[in-house]
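If you follow the hints, you should be able to join the two separate chains into one complex; please do so.
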Amino acid sequence: MLEIKNLYVRAGGHEILKGVNLRVNAGEVHSIMGPNGSGKSTLAQVLAGRETYEVTGGEVIYEGKNLLEMAPEERAREGVFMAFQYPVEIPGVGSAQFLKAALNAIRKARGLEELDAMEFLTLVKQRIKVLGMDEKLLHRSVNEGFSGGEKKRGEIFQMALLEPRLCIMDETDSGLDIDALKIVAKGVNGLRSPERAIIVVTHYQRLLDYIVPDYVHVLVDGRIVRSGGKELALELEEKGYARFEGGAGAAAPARR
Amino acid sequence: MSTPIDMIESLVSKEYKWGFVTDIEQDIVPRGLNEDVIRLISAKKEEPEWLLEWRLKAYRHWLTMKEPTWHNVHYPPIDYQNISYYAAPKEKLQSLDEVDPELLRTFEKLGIPLGEQKQLAGVAVDAVFDSVSVATTFKEKLAELGIIFCAFSEAAQRHPELVRKYLGSVVPYTDNFFATLNSAVFTDGSFCYIPKGVRCPMELSTYFRINAESTGQFERTLIIAEPGSYVSYLEGCTAPMRDENQLHAAVVELIAHDDARIKYSTIQNWYPGDKNGKGGIYNFVTKRGKCLGRNSHISWTQVETGSAITWKYPGCMLVGDNSVGEFYSVALTNNRQQADTGTKMIHIGKNTRSTIVSKGISAGYGQNTYRGMVKILKGAAGARNYTQCDSLLIGDKCGAHTFPYIEVKNSTARMEHEASTSKIGDDQIFYCNQRGISKEDAVNLIVNGFCKEVFRELPMEFAVEAQKLLGVSLEGSVG
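Chains as they are written, first to last, in this note's numbering: chain A, 5 to 260; chain B, 2 to 480.
The following block holds chain B by itself, in its conformation from the complex (with noise of 0.2 angstroms):
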């Protein structure tokens, strides 16, 4: 007799439908890692001097470090002279008329379409494929407001000053091992600057698509939001199904001056891998916002779907008095999936603020693990926490484990810790059923209800895409 375990266990294998590989010329650096790739990679990028500099100074830093090991995941180790830093489409453009249909093709069976009569309404989209970024939309009607959105390494370029200023000030590049190794090796990301007063109009979003084989992908992003202004961004990702574990290593900056908000959302859908747990996604990423003003506000939301790996604690550095640092994460592991993912929050000035909801969602054979760190300082007088750390279960051989780090210096802060492990019961999904509620449906409704708190910080339209999300992600793990 079937149960309804054993129904949930055997949902757990939907194809993964953004697994296609797009055949098209490349421009692809021999795999290996030394100072001669790092300089290939900044002469092809026409950097600046001081900032091959600057690579180069990280990169003899990594060569002293170590592979950090206090992480809750397990993989094989990563020989990081079999990875290729670089790979970029062969032609070089200046135009969205010259990327090549196929680059575009490809976006848009993703759902990002980039030709001008097609761009997403309200939406400005930097598309990053492999090591470059090949378009990015709405660019001019944005400078017309003094925004700056263009490719990282375009920014390099053109506005040297800016880049130099922010570029490691946030998250050091002897930060941690992988912020380090990004730091020598990255390619592409996006850049953004809100100039002072300036309520950005749009939403803007990065898509970022691995595409080449044994590549690994490092993109570097930086958003700059001056005094009183606004931003909302939302980044994207997708690879193709591999057999082989591909190295993704981002590192994401936040500076947010006085009065000034930025919003980062992040759905992460990378290859997780087949169910037997081959292949997929290594997600080891660094990010960080500095709310370095008074009133000054970051909110990072995630909702982690994919990747056979995920490795990420996006943090608020908490400088400026009455500043407020946000963190909503859904975390998804099915399968053979581990994801440790959590937040750090520093209080450093007064009167500051802090959220974090934590929303893990194990089913199949998934490990999902919350680290979180909240350390208030010695001036840190009147900082407030609040921390909500929820897991749900799905099925039994499933696993879910939460390491939360406090450190408080100050005794005039007030923290709350709430935690809850709940497991989805056949007698809920019965229920369901008994009211002509599908299996599938049932475990939607309780998952997508389970999440609503961090949906709702979501921007609208890709709060829905978030639900379908994870119901795709979930399919086959009951049924």
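Bound conformation, chain A alone (with noise of 0.2 angstroms):
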């Protein structure tokens, strides 16, 4: 499904991606993990086709297209993701109209009948029960107000709404306490689909207690330094990034 190959990204005059490569078929849970600044939100950007990047190098099949080509809208009626790490408040602007909005834009683009009011009210209460999140956030306008875990549910809803084919989820976990983590990994879980593949962004390991990956790959200094299956995850718990980050550098020529 997603094929990025010796991925070259800048930004602000930095080198951040230095030749990623990663494979991730349909029916995958992937987690990209590591230490703060090695890239892995920039991964999650890039991806998603924020402008404020650079790549420099590399390419990223999607689908059989080459998904740097496409505007970040054409990805997202692609079925390409992305739950935000920091959510972004629009005032003024009702949640249900916005998610009506994109959800007609999504449907338009598969060749789908756009849905009236009361057909996406139906579909959008329906959805938002498996969450465990209250109606009225429907009525207030996107994320505007809404708490850390709101906010973060909120995007795990809007993931189940859109029913993306790549879901990348950049460091969900992060500001949520227990029970909210516990809720959003249901949600996630409960989108794991044969079709459809999941890349989880996260600093820590805690996470995948409850989102189960089936591969692991530890993303140091803008370089995958190592991948393997979900035990790698419990591997870094106990011993952390420290014996990867000087060893980073050495490895590289090597990869390249």
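The set of hints was computed from the structure by calculation and includes no laboratory data. Careful: at least some of the hints might be erroneous.
[Claimed, not checked] Label-pair distances were calculated between CB atoms; the ranges are:
#1 B:Leu146 <-> A:Gly152: 56 to 66 angstroms
#2 B:Asn73 <-> A:Arg210: 41 to 51 angstroms
#3 B:Phe21 <-> A:Gly61: 50 to 60 angstroms
#4 A:Gly61 <-> B:Ser423: 48 to 58 angstroms
#5 B:Asn73 <-> A:Asp120: 43 to 53 angstroms
#6 B:Asn277 <-> A:Ala15: 56 to 66 angstroms
Everything numeric in this text was worked out from a predicted model, so none of it was measured. No residue lacks a Cβ here, since even glycine has one placed at the ideal position from N, Cα and C.
So this is what it looks like as structure tokens:
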């Protein structure tokens, strides 16, 4: 489904990703772990199409298409969804209105009929229950005045509603207490399916107790320095990232 | 690399789709202004003698006045001798059947069908083309209820007692430079009279169209609501695209008696000029309502998207005890447009209340100024005002300015003032994009969200129009 080949990315005059390779198949859950500043969030944002990053090398193939040539909204319509680390507040725009615009834009691109207000409301009410969220949030402006936990749950709710093929979760666990974490994980697990791939970007192993990944990759200083199964996450929790940090530079030439 | 800000700026280049010119034989008075021109206008309108006298008094007063300079808009000096003050289609019309088909087609093209079969349901329309009203629909039906809805010049002939009683009673001919000029040279506009206890069963609406070159449009509208009556009135306007600037200086007067209510909505879409600020209408307008009676209520709602320059402050004089004045405004400036708009609420009676909600949107190089005055006079015990004044910036070359004036002479008054300035952020646009929403739709969503408190005050069908219009006016400001 997704193939990242030797990806180099710069931002603010710094090279952040220095040759990332990753292959994700439908039905798989991958976790990308790494210390602060390793480039995890950059990778997520580049996949989503954030324009403040400059891709200087490599390519990303998504469902046979060159992802990097697509505008962010085209990627979204093709099924790429990113749960934001910091969901953005849009004062004055009602959540329901926003979601309806998003859902219908995506449905239209997929050749499906747009939903009217009633159909939309029925669908939303059904999906929102799964996330244990209050329907009242739909009447409030997008993310405005939401607590940290509400914002993150909101992202997963949007994901459930928009039914993407590739879900990228950018540090969704940061700032969540254990109860909220469980709800988020439950929501994500409900979305696991043979047609869908999920990339979970996280600093801590904690989330992976609830969303058990098929593969774990360790990103350090802009490169994936190690890949393995779910047990790798436990190892990282125990021993930390330190042992990779000095060695990353040494490992690089071999990967290039 | 193109950033969202660059894109926002490149989205500012949509064609003005109402910019066509109607080719019709017109009777145009030569350019220039003097007493003879005023006599000529008055004669063409077959006005009573007192009205001509009133015009001349205004003209003589105007000669002593200076054009104001306190506003925050900039334009080259207007040569008042280089404007034609009267333009009208040649034939004189007695009924709708005699209206030149070219004119009917023009209004149809603007979405205002006037023909018997196609008239808009639930809306009576007075269509004003340059200096004359060409047709008024549903006139007879309204007359059955005693409602008078007709061209101003017709009212001056057929209902002189009403016109004489109220003309200039809210905006005196000495009021200000542009209102005084209008008093001297006004040509047409609408006249509405709602009798006691009558609730007007349909929206009344006037559609103003400037067509002729080098002419000014000076319309005059007068609405009188007798005790216990209700009327909702809407005006819309467009003009052809021309490289020269054209002057539009209107005066609107509203009078609400005891327990009467007037709801006045404007969708102003005069030609705004091109991307570089060439051409466009100079819109200098004086609008004022007098809540004369107890419990009377006047509400102004305006959506100002057009004109090169907008200069208007629809206000309310709250004379009657417990009377209510409201002002809801969306003003959008894109490209090189300038707007200096707001309101004046003068609290005179006891327990008078006013609400001001102003939303200014600036894009491109647009400059948007809110100017509002709230005055609580000595006798206005228990008066209350709430003002909310928000600005939204799109891009980084535009400007928003706020000048609130507050004058309180009664210590029991309660005043609230809230203001905010925000910017459509790149992160907001990206968030929308990541959910499949295009940049243009994202801007529309955010702008419409920003304006919704005002849009919900508009009659339903016009609220939809207004939303679309904002979309069109902003097209090109992102993308």
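Exercise for the section: Quick one: which hint numbers does this structure break? Sort them smallest to largest. Expected result: Hints 2, 4, 6 contradicted; others consistent.
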